[in-house]
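Novice: So you can see what is in the structure, the chains are spelled out below.
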Amino acid sequence: MKSGSLGGYVVRRLIQTVPVVLGVVIVNFLLLQLAPGDLATVLAGEAGGAPKEYIDQLRARFGHDQPVYIQLFNYLRNLIVLDLGYSFRQSAPVFDLLMQRLWPTLLLMVCTLVLSLGFGILMGLLAALWVRTWKDNAISVAAIIVYATPLFWVGLMLILVFSIRLDWFPTSGMEDVVAFHEGWARVADIAHHLVLPTLTLSLFYLALYARLMRASMLEQRGLDYVVTARAKGQSERRITTRHVFRNALLPVVTMAGVQTGGLIGGSVVVESIFAWPGLGQLAYQSLFARDYNLLLGIFFLSAVLVVVVNLIVDVVYVFLDPRIRIG
Amino acid sequence: MSEPAISIRDLQVALPAWSDRKLAVAGVSLDIAPGEILCIVGESGSGKSMMGKAILGLLPAPHVRAVGGQVHFEGRDLLTLSEDALRAVRGRRIAMIFQEPMTALNPLMPVGRQIEEVLEIHTDLAPAQRRARVLDLIRDVHLPDPERMIASYPHQLSGGQRQRIVIAMALALEPGLIIADEPTTALDVTTQAQILHLIKELQRAHGTAVLFITHDFGVVAEIADRVAVMRHGEVVEQGAAADVLGAPQADYTKALVAAVPGLKPRLREPADGTPPLLRVVDLEKTYRISSGLFGGAVREVKAAKKVSLELKRGSSLALVGESGSGKTTLARCIIGLESVESGLIELDGERISGRSRAELRPHRKNIQMVFQDPYASLNPRQRVGDIVALGPMLNGVGREEAIAQARELLRLVGLKPDAVERYPHEFSGGQRQRIGIARALAVKPKLIVADEPVSALDVSVQKQVLELLNDLRKSFGLSMLFITHDLRVAATVCEEIAIMQRGEIVERGATADIFAAPSHPYTRSLFDAVPGRAWISGLG
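Protein chains in written order, with this note's numbering: chain A, 1 to 327; chain B, 328 to 867.
These aren't lab readings, by the way, just hints derived from the structure by calculation. This one's a predicted model, so the numbers in the text were calculated from it and none came from an experiment. In this text, a Cβ means the ideal position worked out from N, Cα and C, and glycines have one as well. Don't take each hint at face value.
Listed next, with one range per pair, are the computed distances between beta-carbon atoms [claimed, not checked]:
| no. | chain 1 | residue 1 | chain 2 | residue 2 | range |
| --- | --- | --- | --- | --- | --- |
| 1 | A | Thr241 | B | Arg682 | 34 to 42 Å |
| 2 | A | Gln16 | B | Ala459 | 41 to 49 Å |
| 3 | A | Ile15 | B | Thr613 | 21 to 29 Å |
| 4 | A | Ile15 | B | Gly641 | 21 to 29 Å |
| 5 | B | Pro689 | A | Val20 | 41 to 49 Å |
| 6 | A | Gly265 | B | Tyr702 | 51 to 59 Å |
| 7 | B | Tyr702 | A | Thr241 | 30 to 38 Å |
Partial chain B-side listing against chain A, Cβ under 7 Å, derived [claimed, not checked]:
| no. | residue |
| --- | --- |
| 8 | Leu385 |
| 9 | Pro389 |
| 10 | Arg414 |
| 11 | Arg417 |
| 12 | Thr430 |
| 13 | Ala431 |
| 14 | Leu432 |
| 15 | Leu435 |
| 16 | Val445 |
| 17 | Glu447 |
| 18 | Leu452 |
| 19 | Gln456 |
| 20 | Leu500 |
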């Protein structure tokens, strides 16, 4: 309710996330035990076959010869000091790999969030203001079409039109590695590469938020406090900006928090299509390489990301809605 | 009469094409003199609210709109004004007070800002002057601690406090006319009395004309100078309050006045010495509101503190209290929807408190409930026959037989037998409450718990439902626990009363005794707060 105890609230929420993340890690660990094959068989297979002794030796080196609960215990113990193990596949500590790949994914996610929320809210607002006119219909129909279109198809079509036909944007990657840009030139280059992946990932959420915002605006506009404002002599424009807008925003913010998990899922597809060097792409690669250590690390980081974003949304909510009590 | 503050001539408001009536307001003509309170009385659907909204152009256009007549106010016809000109009138010359203080304020804006908005729209005052005026207004409506009050959000205030804020908002620019649309209907009776008093006090001080819309003749008796009775969009009678209330001319007015529950206590039937049907001893129930997964600060609300009561077989007991007094919690404990913390509930000598769900199941049919909201308490996807027959069927009666019984019960509660085939939405509120009563009776319960069964109904319908309950009590030998906030209703239905306040029963006894000499101060304040008490007592 009051921001005085906000710090305490955040700390308490962070403590509450520990069992959540721990649960996610344990479930993931056990699930991956069910997956057929392991790193040793893959390595042996790629080497064109190997004797059983060699495979057993590899397993012993990876610690896979021990009972599951001991493996889990060791994993959790190492997790406390953020030691996520070693990726034998990539010959690097998992933690370093994750940190390397985190920033591209964060960049993609933040841009997507800003774009989809910003334009989604704007589109929903406009549609609600123009309700039951052709403009509203146009926005609503467009939103439904985009909402129903699969992510990978959008990505491929954007590449086909804007990269291959029009040659406006690069098809893949995060920057032009042979150009060796520095400073602002590099920023511009990355931004140029960012356009299509962000657009692909954003469109679905943009449509979702636009529809939600429209519905929420229309609902709020029918409530009693709007009649009160009208009876005061307030103009329709002011009623919208001052009273309705903020109230209508609340469900959209809630939805944005819920959807972050889905956003990470979507980034796996988008990063694979655009060869974006982020966590999603890494997850895809490590899955096929049976690099379970790395995969577990990615799951752990994703869980942390979702939890942190939800916390941020909740804190934003405290500022938006005075009825939320903290403490 | 001097020049009227507002003069409504032949006002017509059209309803959308798909409604059952063409005009919500069908040619209403009224004058309100400066400094006069005119009460518009009518039941739901009489068009009284539509008329209030039409004056300020607040009808839900384009479906509902004023189609004829004039509204003369300060030399102009409001119906012909442009939107901009009308906006200058709203809030400045004519202000409005709404029914629901819970929803009439923006939940995300401090109330001070919401009052200030009126000044901001219509005046050139500097921020500091506006603030000073807002503080004055808060003081005018007798709210405590103005400095803190203006920074509060609506959810931090009680219903009565919010309604005071809305009144402050309406008074901000000393308008010539205030339209008050059922401003006290959603409030507790003691709060209602305070708000009525406040409106009258401020109206006298500022000489404002008030158009007061209500369905409650008690409120009319309390506040009105003149009365207009509306039915089906037309004024059936108007005149000075004393004349209309004392000697109503139109048949409809007479019927409405006759339907007002009187304050004549029901007498106790001679006791026959049998053991009580329901016995509640030292019941305790506390709600704990913890904050999140790992506890933290816990807030405790004592909903029932050492509550004891007894209900004799074949009699009825009214549990009277205001919202938050714990009366509904007590009812939920008795019918086994809530577990009790300590204490004993006994029905017919058998303990029913502290049992598990499975153990309770055979006892369930002995206690049935009639709910407050006839709209929400019936499953809209089920036929009425199935709703009524479900209880007996769960207790092993065959479907054919159960439906036949349902048909008979529906006839008993005054519905046509073909109601069995129909769905709840085809019935009016009063009819739905009859269905709810039939449903409760279907399993032949020993005790009926009725939670505010008539508070959502119009006064004439309320009277019919109360009469029905009375008849059924006689013919079925029913015992009833009747929960209500309305002493008048309690007096009509029940021979015994228990008054509840903050989880405690503060006074208990025969209705006649309590009405003759209420001993607890809270009971006395409840009596004082009954709107139009002097007039109702005069009705005999």
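Novice: The structure should be examined with respect to each hint, and the outcome stated for every one.
Specialist: Each hint tested on the structure:
{"no.": "1", "hint": "A:Thr241 - B:Arg682: 34 to 42 Å", "result": "violated, 57 Å"}
{"no.": "2", "hint": "A:Gln16 - B:Ala459: 41 to 49 Å", "result": "holds, 46 Å"}
{"no.": "3", "hint": "A:Ile15 - B:Thr613: 21 to 29 Å", "result": "holds, 28 Å"}
{"no.": "4", "hint": "A:Ile15 - B:Gly641: 21 to 29 Å", "result": "violated, 59 Å"}
{"no.": "5", "hint": "B:Pro689 - A:Val20: 41 to 49 Å", "result": "holds, 43 Å"}
{"no.": "6", "hint": "A:Gly265 - B:Tyr702: 51 to 59 Å", "result": "violated, 42 Å"}
{"no.": "7", "hint": "B:Tyr702 - A:Thr241: 30 to 38 Å", "result": "holds, 35 Å"}
{"no.": "8", "hint": "Leu385", "result": "holds, 6 Å"}
{"no.": "9", "hint": "Pro389", "result": "violated, 11 Å"}
{"no.": "10", "hint": "Arg414", "result": "holds, 5 Å"}
{"no.": "11", "hint": "Arg417", "result": "holds, 4 Å"}
{"no.": "12", "hint": "Thr430", "result": "holds, 4 Å"}
{"no.": "13", "hint": "Ala431", "result": "holds, 5 Å"}
{"no.": "14", "hint": "Leu432", "result": "holds, 6 Å"}
{"no.": "15", "hint": "Leu435", "result": "holds, 5 Å"}
{"no.": "16", "hint": "Val445", "result": "holds, 5 Å"}
{"no.": "17", "hint": "Glu447", "result": "violated, 9 Å"}
{"no.": "18", "hint": "Leu452", "result": "violated, 15 Å"}
{"no.": "19", "hint": "Gln456", "result": "violated, 18 Å"}
{"no.": "20", "hint": "Leu500", "result": "violated, 9 Å"}
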